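Residues per chain are reported as follows:
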Amino acid sequence: MNNTLDYFVPKVEGKRVTFSRGTRDTFNSQVSNEVAIVNAATLEEPTERESFQLHKNLSTYRVNRAPKVPVFDRASIQAPTSTSKIISFWEGYVNAVYQDQGYFSATLIDLKQADFNSESEREPDHQAEFDIAEVSEFDRDLIVPGAVFYWSITYITSVSRQINTNSDIRFRRLPLWTKFELDAAHASSESLAKLFGI
Amino acid sequence: MSTNGPGVGEVEISLFGPGYGESLAIHLGDGDWMIVDSCLDAATQEPSALVYLRSIGVNPKTAVKLIVATHWHDDHIRGLDTICADCSDATLVISNALRVREFLTLSTVYAENSGMVSGGTDTIYKVIKLGLKSGKVLLALINKPMQIKASLGSHPGYSVTALSPSDHCCIRAQAALGALIPKINKQKTRLRQPDHNETSVALWIELGPRKILLGADLENGAGHPEWSFIVTNTGGKNGAEVFKIPHHGSSNGYNVDVWHHMVIPNAHALITPYSKLVKPLPTPQNVETIKTHTDKVSITRILPFKIGRVPKRGAKNKVLLKVAKNFRKVPLSEGQIRLRSNLSASSVWLVEHIGTASAL
Amino acid sequence: MVVLVGKFNPQIFQPSWFARHNLIPGPEADAAQLTVVHPEISDFSLDWCHLNVSPERLTLDSQRPERYPPLFDLLISTFNLLSHTPITQVGLNKVYEFKFSNMKEWHAYGHKLAPKEPWAKALTDPGMAALQMRGSRTDDKKGFITVDIRTTATQQMRINVNDHFELGESETISELLEKNSKRTIEQSDRIVKELLPS
Numbered sequence: 198m199n200n201t202l203d204y205f206v207p208k209v210e211g212k213r214v215t216f217s218r219g220t221r222d223t224f225n226s227q228v229s230n231e232v233a234i235v236n237a238a239t240l241e242e243p244t245e246r247e248s249f250q251l252h253k254n255l256s257t258y259r260v261n262r263a264p265k266v267p268v269f270d271r272a273s274i275q276a277p278t279s280t281s282k283i284i285s286f287w288e289g290y291v292n293a294v295y296q297d298q299g300y301f302s303a304t305l306i307d308l309k310q311a312d313f314n315s316e317s318e319r320e321p322d323h324q325a326e327f328d329i330a331e332v333s334e335f336d337r338d339l340i341v342p343g344a345v346f347y348w349s350i351t352y353i354t355s356v357s358r359q360i361n362t363n364s365d366i367r368f369r370r371l372p373l374w375t376k377f378e379l380d381a382a383h384a385s386s387e388s389l390a391k392l393f394g395i
Numbered sequence: 294m295s296t297n298g299p300g301v302g303e304v305e306i307s308l309f310g311p312g313y314g315e316s317l318a319i320h321l322g323d324g325d326w327m328i329v330d331s332c333l334d335a336a337t338q339e340p341s342a343l344v345y346l347r348s349i350g351v352n353p354k355t356a357v358k359l360i361v362a363t364h365w366h367d368d369h370i371r372g373l374d375t376i377c378a379d380c381s382d383a384t385l386v387i388s389n390a391l392r393v394r395e396f397l398t399l400s401t402v403y404a405e406n407s408g409m410v411s412g413g414t415d416t417i418y419k420v421i422k423l424g425l426k427s428g429k430v431l432l433a434l435i436n437k438p439m440q441i442k443a444s445l446g447s448h449p450g451y452s453v454t455a456l457s458p459s460d461h462c463c464i465r466a467q468a469a470l471g472a473l474i475p476k477i478n479k480q481k482t483r484l485r486q487p488d489h490n491e492t493s494v495a496l497w498i499e500l501g502p503r504k505i506l507l508g509a510d511l512e513n514g515a516g517h518p519e520w521s522f523i524v525t526n527t528g529g530k531n532g533a534e535v536f537k538i539p540h541h542g543s544s545n546g547y548n549v550d551v552w553h554h555m556v557i558p559n560a561h562a563l564i565t566p567y568s569k570l571v572k573p574l575p576t577p578q579n580v581e582t583i584k585t586h587t588d589k590v591s592i593t594r595i596l597p598f599k600i601g602r603v604p605k606r607g608a609k610n611k612v613l614l615k616v617a618k619n620f621r622k623v624p625l626s627e628g629q630i631r632l633r634s635n636l637s638a639s640s641v642w643l644v645e646h647i648g649t650a651s652a653l
Numbered sequence: 042m043v044v045l046v047g048k049f050n051p052q053i054f055q056p057s058w059f060a061r062h063n064l065i066p067g068p069e070a071d072a073a074q075l076t077v078v079h080p081e082i083s084d085f086s087l088d089w090c091h092l093n094v095s096p097e098r099l100t101l102d103s104q105r106p107e108r109y110p111p112l113f114d115l116l117i118s119t120f121n122l123l124s125h126t127p128i129t130q131v132g133l134n135k136v137y138e139f140k141f142s143n144m145k146e147w148h149a150y151g152h153k154l155a156p157k158e159p160w161a162k163a164l165t166d167p168g169m170a171a172l173q174m175r176g177s178r179t180d181d182k183k184g185f186i187t188v189d190i191r192t193t194a195t196q197q198m199r200i201n202v203n204d205h206f207e208l209g210e211s212e213t214i215s216e217l218l219e220k221n222s223k224r225t226i227e228q229s230d231r232i233v234k235e236l237l238p239s
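Protein chains in written order, with the numbering used here: chain A, 198 to 395; chain B, 294 to 653; chain C, 42 to 239.
Same shape as in the complex, but just chain A:
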């Protein structure tokens, strides 16, 4: 076998397979890029000797167009199709409440920046004052110093594809303190107290 014009190079055109004279190199290139050949009975690839005779024994083989390997460009993926996209997300805690003036001051932690894998307490980054009126009526009795809330700014896409920006403050409704928790802490603190001699 040599690389001269001894090979019949297959090409799939629609449902037909045609052959043209070519070299071993062009045969190998065509098989790896454009055509997939397999023995129809054994599902094995033909040997080089068998390939040489392929054009005479076409019915023995299944010759398909080889699957294309398209280039993937991530830029073509569009943003998620959900109707709500968070663009800013904070956890805040109330520092002080100024009921008469109708606002409260808070310290804020940027949840979009926070490292959730870190075990240590996240550092607060920002401070601000909020009108009590920005909080929904049924959360207002939760506004006390130390209370924790979530504040998000989201893009909301309506059915008509209009985008509106929405601010949402929601106070956390955490579990109530239980007798079990407080009793357990009292018991734990006994050992510390003994070490302190009290």
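These are calculated hints, taken from the structure and not from any lab test.
Check each hint, because a few of them may be wrong.
What the hints assert, rightly or not - Simulated pairs of lysine to aspartate or glutamate, DMTMM-like, Cα-Cα distance not exceeding 20 Å:
(1) C:Lys145 <-> A:Glu326
(2) B:Lys504 <-> B:Asp460
(3) B:Lys618 <-> A:Glu387
(4) C:Lys220 <-> A:Glu210
(5) C:Lys162 <-> A:Glu210
(6) A:Lys376 <-> C:Glu212
(7) B:Lys429 <-> B:Asp379
(8) A:Lys282 <-> C:Asp84
(9) B:Lys622 <-> A:Glu387
(10) B:Lys476 <-> A:Glu242
(11) A:Lys391 <-> B:Asp588
(12) C:Lys157 <-> C:Asp180
(13) C:Lys162 <-> A:Glu242
(14) B:Lys476 <-> A:Glu378
(15) B:Lys609 <-> A:Asp322
(16) A:Lys376 <-> B:Asp379
(17) C:Lys220 <-> A:Glu378
Here the structure is a predicted model, which is why all the values come from computation and not from measurement.
Keeping the supplied structure of chain A fixed, place chains B and C upon it in accordance with the hints.
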């Protein structure tokens, strides 16, 4: 800034202060250091005092002899557990006001309930446990020196003494701490810190003839002039050349008798700001009051903070600024005020303002 | 979406019960859309979440990403109160929808995840329709992570990241959610980001 440490015969006071919080590293001479409180360095998120000591070639493990936690508020305690773990030769000193069941229960309640942001008790809980484990914990008792080194050779020796909290402060604090312990069936919230810092440990340091007054966050409570008590009940201490101004220069931390009786005229006054309030401290009036006693006033960062304002462009920022009034970033940049002087009586103080620190 | 497997009494899970225990505001409970409350099944929606409970399964879902933390708070608080409810498995799911700008890129992405070459001999014009991969947990918990990617419509696909936990004997659902809910969200985002490289 010189990256050389102070000489063995030099005293150094370095005050660190980001947007809120403060920490001090003090060289007592002869390679002995003490650290008061803790705040975090913006770049490394490590305790500022440790970052500084390492930068000037000091090994905190062996050099730091004393760590004082003046009180348990989160702005004075961030990273203190790291300091205690790293400075394994040091003795930890905590406020006598914390040696009560109520505080131990309060800190244990929050330490054992994950998911809750504790406001400082987590750290002090860890710090106390570390100290008790090492056997090196002291309580700050008024007028009883917590650290003394006798004079030896050319070194004049030093003493560090607590000026507060008073016994009646401790009793009041006990009730206040008890009130903070959560009640059954109440909503969980972040631990709210008491309004007044009556239990803070103010410190008096004497290094031979040199004297320093550190005011911590000690405030006068309603009807309880703690600073007047200190002036009259702490053995006539006077002559402080350097005064770390109490409670960020607030009027609650101010007492004219302290200036007249305990501090020399025109002493060096050091302030850290506190930006968490709607009206940050020190206010311009606070600064003017301090300046009636000295013109040598330094601050770790000048107010108002100019950074961190969000531009008014874009839908997100417009909504953000509409909802969150006076939205501002907590500045983390570091300011350091460093004072060095020879231990002899007549030496002047060399004052350096590093980073965002500045004279006022 | 959170899925809990255990033993539940669906009749308990009514909006009024949640409001009575201050887990949701009263007006929110009053405005709930009840589908069914029955000994065998309870199903209702608030304006920000949907709950479905059967004797062996509870599902709580929200279409608003900014309400995921309150969703976890709701579960934590609920099962703090119902601390004796036996729960054996927890699945924390986050769903992402993507759209490709053209068919070529859509096919290219499918090929990237499931290369066509191994299928070339078995199928004509093979293409990925759905793919599920399972990975081990990297923490000390029992369970696994499953990622399911499937075509939902032409040029669209959905990725579902499921963080599956097997609850230990002494572990409570409240503890597990408190410690892992935020981490799971961040982990899911990271997994999807890895699957769509730049």
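Evaluation of the provided hints:
no., hint, verdict
1, C:Lys145 <-> A:Glu326, "violated, 50 Å"
2, B:Lys504 <-> B:Asp460, "violated, 25 Å"
3, B:Lys618 <-> A:Glu387, "violated, 45 Å"
4, C:Lys220 <-> A:Glu210, "violated, 60 Å"
5, C:Lys162 <-> A:Glu210, "holds, 18 Å"
6, A:Lys376 <-> C:Glu212, "holds, 19 Å"
7, B:Lys429 <-> B:Asp379, "holds, 14 Å"
8, A:Lys282 <-> C:Asp84, "violated, 26 Å"
9, B:Lys622 <-> A:Glu387, "violated, 41 Å"
10, B:Lys476 <-> A:Glu242, "violated, 77 Å"
11, A:Lys391 <-> B:Asp588, "violated, 49 Å"
12, C:Lys157 <-> C:Asp180, "violated, 34 Å"
13, C:Lys162 <-> A:Glu242, "holds, 10 Å"
14, B:Lys476 <-> A:Glu378, "holds, 10 Å"
15, B:Lys609 <-> A:Asp322, "holds, 18 Å"
16, A:Lys376 <-> B:Asp379, "violated, 37 Å"
17, C:Lys220 <-> A:Glu378, "holds, 17 Å"
In terms of the numbered hints stated before, the structure departs from hints 1, 2, 3, 4, 8, 9, 10, 11, 12, 16, listed from lowest to highest.
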